[in-house]
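Trainee: Sequence order for the protein chains is A and B. Residues 1 to 201 (full-length UniProt numbering) are what the first sequence spells out, left to right. Residues 1 to 201 (full-length UniProt numbering) are what the second sequence spells out, left to right.
Watch out, some of these pointers could steer you wrong.
Claimed, not checked - Covered by chain B, according to a simulated footprint, are these stretches of chain A (three or more residues, beta-carbon under 8 Å):
1) 58 to 67
2) 91 to 103
3) 123 to 129
4) 193 to 199
Said to hold, decoys possible - Think about it this way: if two alpha-carbon atoms lie no more than 20 Å apart in a straight line, the pair counts; the simulated EDC-like pairs of lysine to aspartate or glutamate are:
5) K199/B - E31/B
6) K199/B - D164/A
7) K199/B - D168/A
8) K199/A - D84/B
9) K199/A - E31/A
10) K199/B - D84/B
11) K199/A - E32/B
12) K199/A - E32/A
Rather than coming from a laboratory, the hints here were simulated on the basis of the structure. Every residue, glycine too, gets a C-beta built ideally from N, C-alpha and C.
There are 2 protein chains.
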Amino acid sequence: MKSGDHAAIDVPAESSAAVKGKAPLIASQREEKRGLNRGFGIADFLLRLGAIISTIAAAATMGTSDETLPLFTQFFQFEASFDDLPTFLYFVIAMALVGGYLLLSLPFSIVTIVRPIAVAPRLLLFILDTVTLTFATAASGAAAAIVYLAETGNPNTNWLAICDQFEDFCSTVSGAVVASFVTVVVFVVLVILSGFALKRQ
Amino acid sequence: MKSGDHAAIDVPAESSAAVKGKAPLIASQREEKRGLNRGFGIADFLLRLGAIISTIAAAATMGTSDETLPLFTQFFQFEASFDDLPTFLYFVIAMALVGGYLLLSLPFSIVTIVRPIAVAPRLLLFILDTVTLTFATAASGAAAAIVYLAETGNPNTNWLAICDQFEDFCSTVSGAVVASFVTVVVFVVLVILSGFALKRQ
Numbered sequence: 001m002k003s004g005d006h007a008a009i010d011v012p013a014e015s016s017a018a019v020k021g022k023a024p025l026i027a028s029q030r031e032e033k034r035g036l037n038r039g040f041g042i043a044d045f046l047l048r049l050g051a052i053i054s055t056i057a058a059a060a061t062m063g064t065s066d067e068t069l070p071l072f073t074q075f076f077q078f079e080a081s082f083d084d085l086p087t088f089l090y091f092v093i094a095m096a097l098v099g100g101y102l103l104l105s106l107p108f109s110i111v112t113i114v115r116p117i118a119v120a121p122r123l124l125l126f127i128l129d130t131v132t133l134t135f136a137t138a139a140s141g142a143a144a145a146i147v148y149l150a151e152t153g154n155p156n157t158n159w160l161a162i163c164d165q166f167e168d169f170c171s172t173v174s175g176a177v178v179a180s181f182v183t184v185v186v187f188v189v190l191v192i193l194s195g196f197a198l199k200r201q
Numbered sequence: 001m002k003s004g005d006h007a008a009i010d011v012p013a014e015s016s017a018a019v020k021g022k023a024p025l026i027a028s029q030r031e032e033k034r035g036l037n038r039g040f041g042i043a044d045f046l047l048r049l050g051a052i053i054s055t056i057a058a059a060a061t062m063g064t065s066d067e068t069l070p071l072f073t074q075f076f077q078f079e080a081s082f083d084d085l086p087t088f089l090y091f092v093i094a095m096a097l098v099g100g101y102l103l104l105s106l107p108f109s110i111v112t113i114v115r116p117i118a119v120a121p122r123l124l125l126f127i128l129d130t131v132t133l134t135f136a137t138a139a140s141g142a143a144a145a146i147v148y149l150a151e152t153g154n155p156n157t158n159w160l161a162i163c164d165q166f167e168d169f170c171s172t173v174s175g176a177v178v179a180s181f182v183t184v185v186v187f188v189v190l191v192i193l194s195g196f197a198l199k200r201q
């Protein structure tokens with residue numbers, strides 16, 4: 001062990017034992033599985049960080065959308081704000097809840113990195129992610145429908161497009177909806193990744 | 001083997017061999033896993049049948065929503081139909097696509113019953129279910145937002161409630177949205193069930 005030659009011979013002898021022997025083979029398989037699951041855990045954590053950013057961006061952009069037109073009379077002022085439309089208010093609340101869930105889920109995501117074989121935290125995240133995905137998608141779809149209506153209007157129901165007057169308001173609101181759809185896509189990837197990680201356990 | 005006494009002794013001998021022996025134990029574990037996965041497969045198939053019914057109900061109800069008011073002039077007729085609102089048109093198309101996907105997914109669901117250990121069809125269904133869930137939820141959320149607007153109107157944007165006039169149309173359309181949310185809930189259960197089934201494999 002003290003000479004360099006011995007060390008050079010030791011290495012192949014060890015590796016061939018690992019290939020032929022039964023117990024070391026199972027151990028190395030478990031090690032490989034552990035490594036792959038840790039990889040899934042790290043990807044999960046990074047995706048969650050990305051989702052937190054896009055969710056906060058969506059909630060903050062929508063929550064601060066507010067435009068006052070320069071033309072106003074003594075008694076009346078033309079103003080558009082997200083809380084004029086109940087769907088946008090629901091969108092802000094939903095995105096805030098999704099952001100809160102994502103922050104609370106970070107410790108569990110770290111547990112799946114530290115203990116890659118543990119099934120319980122992975123399964124918990126998988127179920128809650130699926131439910132939150134549905135919640136976030138419904139809010140995004142609803143806001144998108146109202147943004148589309150505000151942009152184009154609808155002559156059949158006499159709902160006029162308000163974006164002709166409130167251009168800044170509409171572009172802010174559209175940006176928030178786009179950010180929320182980024183969150184939705186990240187959630188879809190998170191759920192599918194969890195499925196693969198569960199398969200390996 | 002010919003006398004009744006021998007048979008009575010044989011049974012406990014066999015069962016104790018299965019408990020103590022290693023090879024039969026592994027075989028029985030595999031058999032148990034196979035049985036559980038087959039159970040997941042059967043639940044998956046039945047849920048898919050339920051989802052097909054609710055999806056077709058949603059698409060058909062929305063697609064046939066149409067109301068003509070009894071009051072009309074010589075040149076003008078008051079009529080409300082789902083294709084007056086682009087969101088409802090998108091809803092019908094989305095539900096038709098989801099229904100088509102569900103029908104096409106039935107053979108794969110049967111494969112997971114016949115071959116409970118196979119991972120590929122289960123994984124394929126899991127990924128496609130997650131994507132379809134998102135698609136269906138966005139369509140349902142969008143339609144729900146428009147239905148809510150049609151019911152309550154919005155004084156801030158001068159969008160009047162049309163349900164005061166078109167009561168039948170609105171109740172039909174609300175029914176379609178409720179049916180689509182049933183589909184969404186079934187999809188959430190399907191995805192979570194797939195996660196559990198993947199964990200067992």
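Trainee: Confirm or reject each hint.
Mentor: Hints and how they fare:
Against chain B, the stretch 58 to 67 of chain A contributes 0 residues with a C-beta closer than 8 Å to a partner C-beta. That does not satisfy the three-residue criterion, and the hint is violated. Given as covered by chain B, the stretch 91 to 103 of chain A fails the check, having 0 residues with a CB less than 8 Å from a CB of that chain where 3 are the minimum. A count of 3 residues in the stretch 123 to 129 of chain A with a Cβ less than 8 Å from any Cβ of chain B is obtained; the coverage claim is therefore met, three being the minimum. Interface restraint, the stretch 193 to 199 of chain A with chain B: holds (5 residues with C-beta to C-beta distance below 8 Å; minimum three).
Distance restraint check for K199/B and E31/B: the Cα-Cα separation of roughly 16 Å lies within the 20 Å cut-off, and the hinted pair is therefore satisfied. With a C-alpha separation of about 53 Å, the suggested pair K199/B and D164/A falls outside the 20 Å cut-off, and the hint is violated. For the proposed pair K199/B and D168/A, the alpha carbon gap of about 49 Å is over 20 Å, so the pair is violated. With a C-alpha separation of about 46 Å, the suggested pair K199/A and D84/B falls outside the 20 Å cut-off, and the hint is violated.
Of the pairs offered as hints, the one joining K199/A and E31/A holds, with about 16 Å between alpha carbons and a cut-off of 20 Å not exceeded. Taking the CA atoms of K199/B and D84/B, the gap is about 47 Å. The hint is violated against a cut of 20 Å. About 18 Å separates the Cα atoms of K199/A and E32/B, which keeps this hinted pair within 20 Å; it holds. For the hint linking K199/A to E32/A, the alpha-carbon distance of about 14 Å falls within 20 Å, and the restraint holds.
In this structure, the earlier hints numbered 1, 2, 6, 7, 8 and 10 are contradicted, and the remaining ones agree with it.
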